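Those sequence lines, one after another, are chains A and B. To convert, take the position in the first sequence, counting from 1, and add 5; that gives this note's numbering. To convert, take the position in the second sequence, counting from 1, and add 1377; that gives this note's numbering.
Worth flagging that the hints you see were computed from the coordinates, not collected in a lab. Watch out, some of these pointers could steer you wrong.
When the alpha-carbon atoms are kept at most 27 Å apart in a straight line, the in silico BS3-like pairs for lysine-lysine are as follows [unchecked claim]:
1) A:K409 to A:K94
2) B:K1432 to A:K493
3) B:K1432 to A:K406
4) A:K334 to A:K406
5) A:K334 to A:K409
Bear in mind the structure is a predicted one, so any value in this text is a computation, not a measurement.
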Amino acid sequence: MAEWPPVLIFLLGAVLIPFVPRSARSSVFVAAPLSALLYIISLDTGVHATMPFLSYELIPFEVTRLSKLFAYVFCTATTLGGIYAFHLKDASQQSAALVYSGGAVGVLFSGDLFTLLVFWELMAVASAWLIWARRSPVSYRAGMRYLNVHLSGGAVLLAGILWRLADTGTLVFTAMDASQTYNWLILCGFALNTAIPPLHAWLPDGYPKATVTGAVFLSAFTTKTAIYTLARGFAGWEILVPVGVAMALYGVVYAVLANDIRGILAYHIISQVGYMVAGVGIGTEMAINGAAAHAFTHILYKGLLFMGAGAVLQATGKSKLTELGGLTKALPWTMILYMIGAFSISGFPLFSGFVSKSVTISAAGAAGYGWAEMLLHLASVGTFLHTGLKLPYFTWFGPEKPHKVGHVPTGMYVAMAIMAALNIGIGLRPHLLYSILPYPLDYHPYAPAHVIESAQVLLFTWLGFWVLRGQLGGHPTVALDTDWFFRKPGRWIEERLVTAVVGIYDATLAGATRLVHTTVRTFSDPGALLLGADHSGDREPTASEIPIGPAVLVVILVIVAVLFGMTLSK
Amino acid sequence: MVSRNTWIVVVAAMAVSILAEFFVHGHGEHPWWLVKGFYAGFGFVCCALIIIISKFVGHAFLDRPETYYDPEEGEGSTTEGDHHG
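If we strip away everything but chain A, and leave its shape as in the complex, we get (with noise of 0.2 Å):
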């Protein structure tokens, strides 16, 4: 029997919002995920609808564990974004995040890729909109990059399931296979919405000039639904180790160049992601499970930042740390409540992110990979500096500089403590994660001896931060990224072609009008032509003001015409 897949019921959400009072759309926002995840739960693994298409077979809902895994923390990630959002007075960005949500969603229930482009299509377009909801130029202009960038990754990615349909006759998501080509462009289609470098320029753009609650949604969405497609078609393709651990080392640099807070968080998406991508990479069992683990805490304490960060944006209209400081008497609860997202990402223990990425990072040791274990220990040290020391002491310690402090909404703060909660709660019990994972796990992170490695590293990057505090304040610049290859060649070629052929346009046609007029007002007026003055004034021109010059060669032309003609009739 078919049944109704999940997405349904976000679309359906969507649809309603417009249509309900405007006190209620809130509500229906955080109804949606809400049944939706308590409809997931009760699904059995299995294909659950199927779909004639032309003379092929789709299949719009199947369930794995890995899928089913992703979409429990979608679903939370949005009911927790509804309630953040809960003051939004926004009708079109309620009714975008949720078909953006959905999408995600409906990606993971696609058991073919006909049915996955759609989706992936959907969630770029709705996606683009919560860029564009900040209704400033600059976010028009960024939501227009990220979108265009997006569907040209849409198009890659169809070029290669229609090769791949072409070749095989069939659209179903299987395993790939590292010897086709067509797999490769399926990849690269995958790898964008990755932000695998150098694909990855439109996260840091967009990201940061979303709106406040948008970014919450698009830090939890767009790079997990890829890493999970990854981990459906890609695992153990060995290319993705390198490409991983260099994303995760990537990010970290950047970020320390970053002075937008969303920025940073932004750049430290991509290092986190690096670490999914190493472990699909690496392809055992356990890495499937570091990455899957890693992505689930990731949604929600990379959520709880873009939370905190989003709540200092709202309440003094400020995100770089150039204009912030000195905010702890004024957003104290933040400041806790980012703090255990903070914790969560560096990986201290008892919170979420020590649970996950050390699985990850155990696995790259296990499989034989040293050197990427080592790597991505280093770029732990990198999270913990940035988005645990350099951010928040700049942003409510460091030098105090004027603000005008506004209102942080109720809703804001109940989604920033469910999500520290589930935080600290996955910390503490991590087996619960560990159960519905892709594959069976035995793993103890409290062992004594990996406790103690991470406080010693831990500590020591604290210490390290506090000699060269003052090397790392934010600076009023922005670094140099491959965005620049689709922003300044871009501006150049305005310049040069666009600019260049509307100006010849623009003189032709001011050079024809010109032509026109001469040649009316001429024939309108011969006299003119004759004594070249214009008798539209009252006043007669004095002798000085007539040009003779054209009527003395007309008379010259006319005597040599008669004299001519006299000469011929002899």
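We have chain A already, so just place chain B on it with the hints.
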């Protein structure tokens, strides 16, 4: 900024984290685990390296004025939070 008490707690925690190593066995996968306090040094050195190298790369190659791409991006933070309709 950091009070005396905080310093006492942090330094004590550092000392405990290193001393605890002498009482814990296992974790024999890596030779460096035999060096007591290896991860303490690792944390400190890596933190310093990340700051120094990133700042150098930034100053030397990557940093541009905020208005480099878009004159409006330099005008402080770009908005007063969300649009509330």
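Could you work out which earlier hints the structure fails to respect and list their numbers in ascending sequence?
none
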